[in-house]
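> Using the UniProt record's numbering, read the sequence shown as starting at 1 and increasing by one per residue.
One should not assume that every hint holds.
Claimed, not checked - Listed next, the in silico DSSO-like pairs over lysine-lysine satisfying Cα-Cα at most 27 Å (straight line): (1) K305 with K329; (2) K180 with K147; (3) K248 with K337; (4) K337 with K247; (5) K248 with K329; (6) K88 with K170; (7) K231 with K305.
As the list claims (entries may be wrong) - Label pairs and their computed distance ranges (CB to CB): (8) R342 with T284: 41 to 47 Å; (9) Y13 with I156: 50 to 56 Å; (10) S155 with R118: 22 to 28 Å; (11) G11 with S130: 47 to 53 Å.
I should point out that these hints are in silico values taken from the structure, not numbers from a laboratory.
All of these numbers come straight from a predicted model, not from anything done at the bench.
All residues carry an ideal CB built from backbone N, CA and C; glycine is no exception.
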Amino acid sequence: MSTAICMRKKGQYVSPHGGPLFLQLPQGISITILLENVYRYPWLDLQNQGSVASFAKELKEYSTVPWLVISGDAMNSMLRTVDVYTTKTSEVISSARYFDDAIKVMHNYRGSQWQEARSEMFVADIQISSPPGHFGYPWMGSLDWSKLFTMWSDSIKLGGQPGFLDVIGKNLQVEEATLKGGDEVTNRVYRLLVEDVLLGLNPYGGDMDTNRWNSSEYNGPGLGYYRYLGKLFGYGLVGNAFIEARKKAPKNETERTQLWIKHMCIQSGYNLVAFHKMWNFPMTDETQSVCKRLPCFFPDDEYTKSFQSKTDTVLNESGGSCSHREPKKVEFRGDIKAGLDRVRPQNIFLTFQ
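Please model the complete structure; the sequences and the hints are all you need to start from.
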């Protein structure tokens, strides 16, 4: 739950629902708050090395309190104390830092400034509106997600709790580049990025969304389409297109689709019209004209060979020969690792009496 409060020089606030209160203040503003008739949660502040060093002691002293709070560099989290108490404190700290880094990478990928964005807020609860997790502020997870938060290192081979990444990705979704039927797709593209950049995995294998090649209709691409692009060109292609789309938001889905295909061609340096026709993307003459100024590329691999008839059709329609050699990887134009493995100066100072 979030509440807007009109701040006064001196005032008071009573919370009818309990829980921690996080204040988002304008830069350069400092306030002092006196808390009365409350019980203390275990507290971990990742921006305070003293808090990190004494977290095991803090957890032991306040282990009977039902909830604890982690204040991270990019995300604040409210977890069940028992879930953290039964886990190594080093694991919990590593988990919190991982999610901070994942959020920073997401911001870098979409071209937004994580330092200027409000922190994400994660709360695990017994009763949420859309289990097992849903986006928003705070973004919510069912009660078992509290334990899952602490176990990310055990899940690295599975993508480092991809369910968490999908929900956070909804908060940071690039709507300007979300294509038809993509409300639950482009948010998941971040999963591929995090697996590649942070976890050292290869997320570009498996489903390439080729099941849609059986259709003659355009229904928008699935996650496998973005996985295929990553396999061919690296994560830079989609990331650059995300950034460009946010610079000038398309007015409608038609404009969004045409702009996306143009970015795919321009950013990759190849004419990818034939490739996109495998998904039946609608393309205007103007879009095709932009792409056809570039050399054509079309993959010749196990996926296209499995759909030889459609492959032959789209290549014949392309009106020219296409290269089948391994394409050049696209360099991401931002700094994908900006802010990783470091935290900003401490900005919350607590005194307990």
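> For each hint, tell me whether it holds in the structure or not.
Verification of the hints:
1. K305 with K329: Cα-Cα ~22 Å, so holds.
2. K180 with K147: 35 Å, violated
3. K248 with K337: 25 Å, holds
4. K337 with K247: 21 Å, holds
5. K248 with K329: Holds, because 25 Å separates the two Cα atoms, which is no more than 27 Å.
6. K88 with K170: 30 Å, violated
7. K231 with K305: 17 Å, holds
8. R342 with T284: 41 to 47 Å: 46 Å, holds
9. Y13 with I156: 50 to 56 Å: 41 Å, violated
10. S155 with R118: 22 to 28 Å: Roughly 27 Å apart at Cβ, these two residues keep to the hinted range, so it holds.
11. G11 with S130: 47 to 53 Å: 35 Å, violated
Comparing the model with each numbered hint stated earlier shows that hints 2, 6, 9 and 11 do not hold.
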